[in-house]
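Produce the complete structure using the sequences and hints provided.
Protein sequence lines, in the order shown, are assigned to chains X, S and C. Convert by adding 1 to the 1-based position in the first sequence; the result is the number in the numbering used here. Convert by adding 1 to the 1-based position in the second sequence; the result is the number in the numbering used here. Convert by adding 1 to the 1-based position in the third sequence; the result is the number in the numbering used here.
Careful, some of the hints might be misleading.
Any copy, or any two copies together, can satisfy a pair, since identical chains are not distinguished.
Here are the simulated DSS-like pairs of lysine-lysine, each with C-alpha atoms no more than 25 Å apart in a straight line [what the hints assert, rightly or not]: (1) Lys150 / Lys243; (2) Lys243 / Lys49; (3) Lys150 / Lys94; (4) Lys62 / Lys243; (5) Lys220 / Lys150; (6) Lys228 / Lys150; (7) Lys248 / Lys191; (8) Lys243 / Lys220; (9) Lys49 / Lys255; (10) Lys248 / Lys49; (11) Lys49 / Lys220.
None of these hints come from the bench; they were simulated from the model.
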Amino acid sequence: MTLTFPVCSQEGVLRVATIKLKNPPVNSLSLELLTEFVISWEKLENDKSCRGVILTSNIPKIFSAGLDITEMCGKNAAHYAEFWKAVQELWLKLYTSNMVVIAAINGSSPAGGCLMSLASDYRIMADDPKYTIGLNETLLGIVAPFWLKDTLVNTIGNRASEHALQRGLLFPPADAFKIGLVDQIVPEDKVQSTALSMMSEWLTIPDHARQLTKTMMRKPTVDQLLKQREADIQNFVGFISKDSIQKSLHMYLKFLKERKG
Amino acid sequence: MTLTFPVCSQEGVLRVATIKLKNPPVNSLSLELLTEFVISWEKLENDKSCRGVILTSNIPKIFSAGLDITEMCGKNAAHYAEFWKAVQELWLKLYTSNMVVIAAINGSSPAGGCLMSLASDYRIMADDPKYTIGLNETLLGIVAPFWLKDTLVNTIGNRASEHALQRGLLFPPADAFKIGLVDQIVPEDKVQSTALSMMSEWLTIPDHARQLTKTMMRKPTVDQLLKQREADIQNFVGFISKDSIQKSLHMYLKFLKERKG
Amino acid sequence: MTLTFPVCSQEGVLRVATIKLKNPPVNSLSLELLTEFVISWEKLENDKSCRGVILTSNIPKIFSAGLDITEMCGKNAAHYAEFWKAVQELWLKLYTSNMVVIAAINGSSPAGGCLMSLASDYRIMADDPKYTIGLNETLLGIVAPFWLKDTLVNTIGNRASEHALQRGLLFPPADAFKIGLVDQIVPEDKVQSTALSMMSEWLTIPDHARQLTKTMMRKPTVDQLLKQREADIQNFVGFISKDSIQKSLHMYLKFLKERKG
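Shown next as structure tokens:
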């Protein structure tokens with residue numbers, strides 16, 4: 002079991018679900034987790050009684066370490082394609098949700114963890130300087146996809162995005178707040194309660210007007226991926242299959258194992 | 002008479018007009034006011050001796066309460082279409098003006114009041130925390146048109162716009178200044194004098210180069226509306242004619258009357 | 002000799018070149034300098050051992066005064082066209098470089114000086130309030146080209162760009178830092194050492210991933226110029242050839258000579 006959430010726990014009149022990521026040790030986004038996540042998300046989306054989702058982690062100190070590198074390493078092209086399609090789907094579901102999505106970032110959130118945060122409507126992060134958030138793809142020799150770049154630009158602007166993406170910067174909470182990568186930083190033990198109280202603020206707005214407004218803002222970015230989704234998959238498969246990329250991912254995995262060991 | 006302004010009062014060498022909105026009790030943008038405003042504006046625009054306009058209110062505590070809701074309530078489709086075309090025209094005239102347009106925001110400025118401010122070249126607001134400014138459409142169950150959203154994005158960026166529009170946020174002056182929704186906040190009794198002195202700064206720039214620069218910046222946004230103006234009208238008429246929208250606008254009007262009563 | 006630089010001085014493992022602009026008295030960007038610059042730049046770009054360039058001035062108090070106005074004054078259309086093509090080429094080379102480009106802005110940097118800074122990857126400015134940076138074209142009655150406007154918007158956002166460009170604002174270092182026109186301000190005697198240490202940070206990132214990311218960010222802006230390069234030249238030639246523009250540039254040159262004399 003990788004996800005635990007009371008579907009539409011009716012917290013007062015809020016009708017808000019909480020998704021707690023639980024894929025030890027670091028909430029890696031494996032193909033299995035992505036698949037389960039999307040199925041669960043669709044259920045919530047179709048449940049008219051559910052108006053908001055709080056996305057958080059059930060594992061101390063880590064929101065999500067991002068994509069599971071073992072899915073991108075030593076597998077065949079068909080596997081890479083299936084995996085990338087699931088990553089796209091995760092983003093599409095989150096970014097186009099009719100529900101209010103609040104990320105309660107209670108730990109580090111690099112790469113894919115940052116992707117999930119960026120695709121939410123509001124980001125609250127635990128204010129502990131040991132935690133960082135950002136898109137650090139270039140550090141591993143890989144490149145964020147254009148639609149994730151677009152999501153970052155939509156959030157922190159063009160220049161901060163260019164700088165952060167080129168250098169693969171990971172920001173501690175205070176810096177992340179300063180550049181607008183998160184909306185609020187609070188002590189770790191206040192993350193969940195702040196998420197709930199912000200959710201109640203958001204839910205004072207009539208759903209229909211809010212959803213139309215959200216769609217108006219995000220549709221152009223979403224359409225860019227929808228109209229070249231297959232090309233984006235092929236681009237990923239071609240890049241990740243390169244010997245040089247496979248070699249550096251293998252070395253990175255080895256480094257992670259040794260550090261852990 | 003809803004507008005009072007000395008056409009091109011030659012204040013020193015400045016040749017600046019001041020438009021003082023006066024449509025009691027709250028400077029609602031009625032069809033009549035919009036029509037008069039546009040006619041007066043065209044006169045100024047064609048008057049070569051006029052280089053700048055200061056846009057302000059003649060009514061204490063309110064810059065403009067925004068669109069007159071009675072124009073959107075209980076009327077027929079032809080009326081809604083005429084009204085919306087006048088709203089578009091107001092924005093087009095302000096946003097594409099060859100004159101320097103400075104908003105002297107001497108009171109609250111929600112929705113349509115914020116629209117006029119955003120379409121100016123420079124915004125000075127009275128620093129009184131009782132006044133607020135913002136696009137609060139979603140609070141009423143309606144949605145800002147795409148060209149007003151674009152104007153907001155052009156001013157405060159994508160993320161701040163998405164957040165403010167989804168939640169219908171109204172900002173007190175200090176917060177409005179912080180996110181760039183206004184350029185300057187000053188004590189209420191300094192609003193007009195600051196507007197005049199900023200105007201004299203702007204008018205040190207050769208008109209022709211400044212106008213070409215302004216057009217270069219704003220033309221793409223303006224063209225978006227020009228090429229789908231009729232569709233935007235039909236979209237508004239269709240939306241506002243819905244039973245559910247009419248019902249919530251009626252309730253809002255009733256609430257306003259009772260509060261006033 | 003207008004440029005002095007040790008080509009790929011192997012500073013430790015950094016393999017970084019330094020270009021010191023030297024065209025007394027104020028590093029004007031003459032056609033000759035632009036031509037030499039581009040040839041030198043191509044050599045560096047093709048030198049696989051060179052990973053980064055620091056761009057700075059060899060002349061005290063001035064980074065670059067911008068385009069050489071004598072190239073735009075009293076010449077024929079063919080000359081204006083050749084000159085403008087060289088200006089475009091300077092921007093294209095800098096903005097699309099595979100190398101890390103850091104501007105060490107050790108003096109004032111108006112107009113073309115600001116262009117070179119904006120086209121870099123990172124900007125460090127000497128923190129002396131006597132120095133300013135910005136695009137002050139409108140002050141001279143001329144207009145920044147659209148691709149330079151785009152570069153500014155990419156750096157400081159739409160609103161700050163519109164405001165700065167309309168008014169031809171020149172910012173002292175502290176203000177330039179505040180709006181994001183430069184990334185860092187340091188005491189003048191620390192500019193070069195800070196540039197080197199920042200370069201070493203940037204060079205920790207694998208080149209290939211960083212270059213792909215940079216291209217992803219900048220290609221749309223670059224493509225806009227590439228697809229209408231000739232039209233942009235003709236637009237410049239037509240504008241600069243106008244009697245009114247020639248007259249104001251002549252007056253400005255006369256003013257500069259008298260001030261100098």
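Cross-check of the supplied hints:
no.: 1; hint: Lys150 / Lys243; verdict: within (22 Å within a copy, 38 Å between copies)
no.: 2; hint: Lys243 / Lys49; verdict: between (45 Å within a copy, 21 Å between copies)
no.: 3; hint: Lys150 / Lys94; verdict: both (17 Å within a copy, 24 Å between copies)
no.: 4; hint: Lys62 / Lys243; verdict: neither (33 Å within a copy, 49 Å between copies)
no.: 5; hint: Lys220 / Lys150; verdict: both (15 Å within a copy, 13 Å between copies)
no.: 6; hint: Lys228 / Lys150; verdict: both (16 Å within a copy, 24 Å between copies)
no.: 7; hint: Lys248 / Lys191; verdict: neither (42 Å within a copy, 40 Å between copies)
no.: 8; hint: Lys243 / Lys220; verdict: between (33 Å within a copy, 24 Å between copies)
no.: 9; hint: Lys49 / Lys255; verdict: neither (46 Å within a copy, 30 Å between copies)
no.: 10; hint: Lys248 / Lys49; verdict: between (47 Å within a copy, 22 Å between copies)
no.: 11; hint: Lys49 / Lys220; verdict: within (22 Å within a copy, 42 Å between copies)
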